[in-house]
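Student: Protein chains in written order, with this note's numbering: chain C, 1 to 114; chain D, 115 to 229.
Quick caveat, the hints were computed from the structure, so don't treat them as lab data. By construction, the Cβ of each residue, glycine as well, lies at the ideal position given by its N, Cα and C atoms. Please note that a few of the clues may not be correct.
[Claimed, not checked] Simulated pairs of lysine-lysine, PhoX-like, Cα-Cα distance not exceeding 20 Å:
no., chain 1, residue 1, chain 2, residue 2
1, D, Lys216, C, Lys65
2, D, Lys117, D, Lys184
3, C, Lys57, D, Lys117
4, C, Lys18, C, Lys65
[Unchecked claim] Label pairs and their calculated CB-CB ranges:
no., chain 1, residue 1, chain 2, residue 2, range
5, D, Ser155, C, Thr5, 15 to 23 Å
6, C, Asn73, D, Ser156, 21 to 29 Å
7, C, Pro83, D, Ala195, 39 to 47 Å
8, D, Asp143, C, Asn7, 33 to 41 Å
9, D, Arg186, C, Lys18, 44 to 52 Å
10, C, Gln3, D, Gly199, 19 to 27 Å
11, C, Ser107, D, Gly176, 16 to 24 Å
Chain residues, written in single-letter form:
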Amino acid sequence: EAQVTQNPRYLITVTGKKLTVTCSQNMNHEYMSWYRQDPGLGLRQIYYSMNVEVTDKGDVPEGYKVSRKEKRNFPLILESPSPNQTSLYFCASSFISGFNYGYTFGSGTRLTVV
Amino acid sequence: AQKITQTQPGMFVQEKEAVTLDCTYDTSDPSYGLFWYKQPSSGEMIFLIYQGSYDQQNATEGRYSLNFQKARKSANLVISASQLGDSAMYFCAMREGRGDYKLSFGAGTTVTVRA
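Okay, chain C solo, but in the shape it has when bound:
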């Protein structure tokens, strides 16, 4: 089954304790991205990757890092989490076919930083 797998689904952590949210896709998509969802703001892009070793900032990159060492994996790293990073996070992988773009989202990671 074509899917994007995110782990963990839920995470409660303390301020300043480094954490990684993993994301893996099995569709051989080149493009992957991370979004955060906050009430009243919808989803906003954090970082994206066009291919292996190619990453770039989205709209809200502060406080986050990413890496893309393999095509299938795109982890999101919070080096020193703060309470304002409490949010629902989504990983997505994307493809283009002709003029059509398709997106597959992971199930989400609900992060609470206390």
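Here the structure of chain C is known, so what remains is to put chain D in place on it, guided by the hints.
Tutor: Just chain D, lined up with the frame of chain C:
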């Protein structure tokens, strides 16, 4: 400037009735795509329907249809014959330009279907 505007934070609809969710967008690029996603209380993002800027006809997928009015820059979602399982948050999103995969999302509309 906000690229996607959803002006209805919440709506109630009676079971079996139709509901229209508003979405307006802002872009100067002639090539763009509009998406609607459903997010139930479990949190996952479920793709519902897509409309490309060059598509001549309004998109339809089962009970979902997209009322695309290009000149007004609106892409309203119509859900016909609402079911209790339609209660969820609904997001409108846009991708613009060629080769740009980024989605811009609206704030969302919460729909509650009443029995």
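Student: All hints are to be evaluated individually against the structure, with a verdict given for each.
Tutor: Do the hints match the structure? See the list:
1. D/Lys216 x C/Lys65: holds, 18 Å
2. D/Lys117 x D/Lys184: Holds, at roughly 15 Å.
3. C/Lys57 x D/Lys117: holds, 18 Å
4. C/Lys18 x C/Lys65: holds, 11 Å
5. D/Ser155 x C/Thr5: 15 to 23 Å: holds, 21 Å
6. C/Asn73 x D/Ser156: 21 to 29 Å: holds, 24 Å
7. C/Pro83 x D/Ala195: 39 to 47 Å: holds, 43 Å
8. D/Asp143 x C/Asn7: 33 to 41 Å: Holds: the Cβ-Cβ distance is about 36 Å, inside 33 to 41 Å.
9. D/Arg186 x C/Lys18: 44 to 52 Å: holds, 48 Å
10. C/Gln3 x D/Gly199: 19 to 27 Å: holds, 22 Å
11. C/Ser107 x D/Gly176: 16 to 24 Å: About 23 Å separates the Cβ atoms of C/Ser107 and D/Gly176, which means 16 to 24 Å holds.
The structure is consistent with each of the numbered hints, conforming to all of them.
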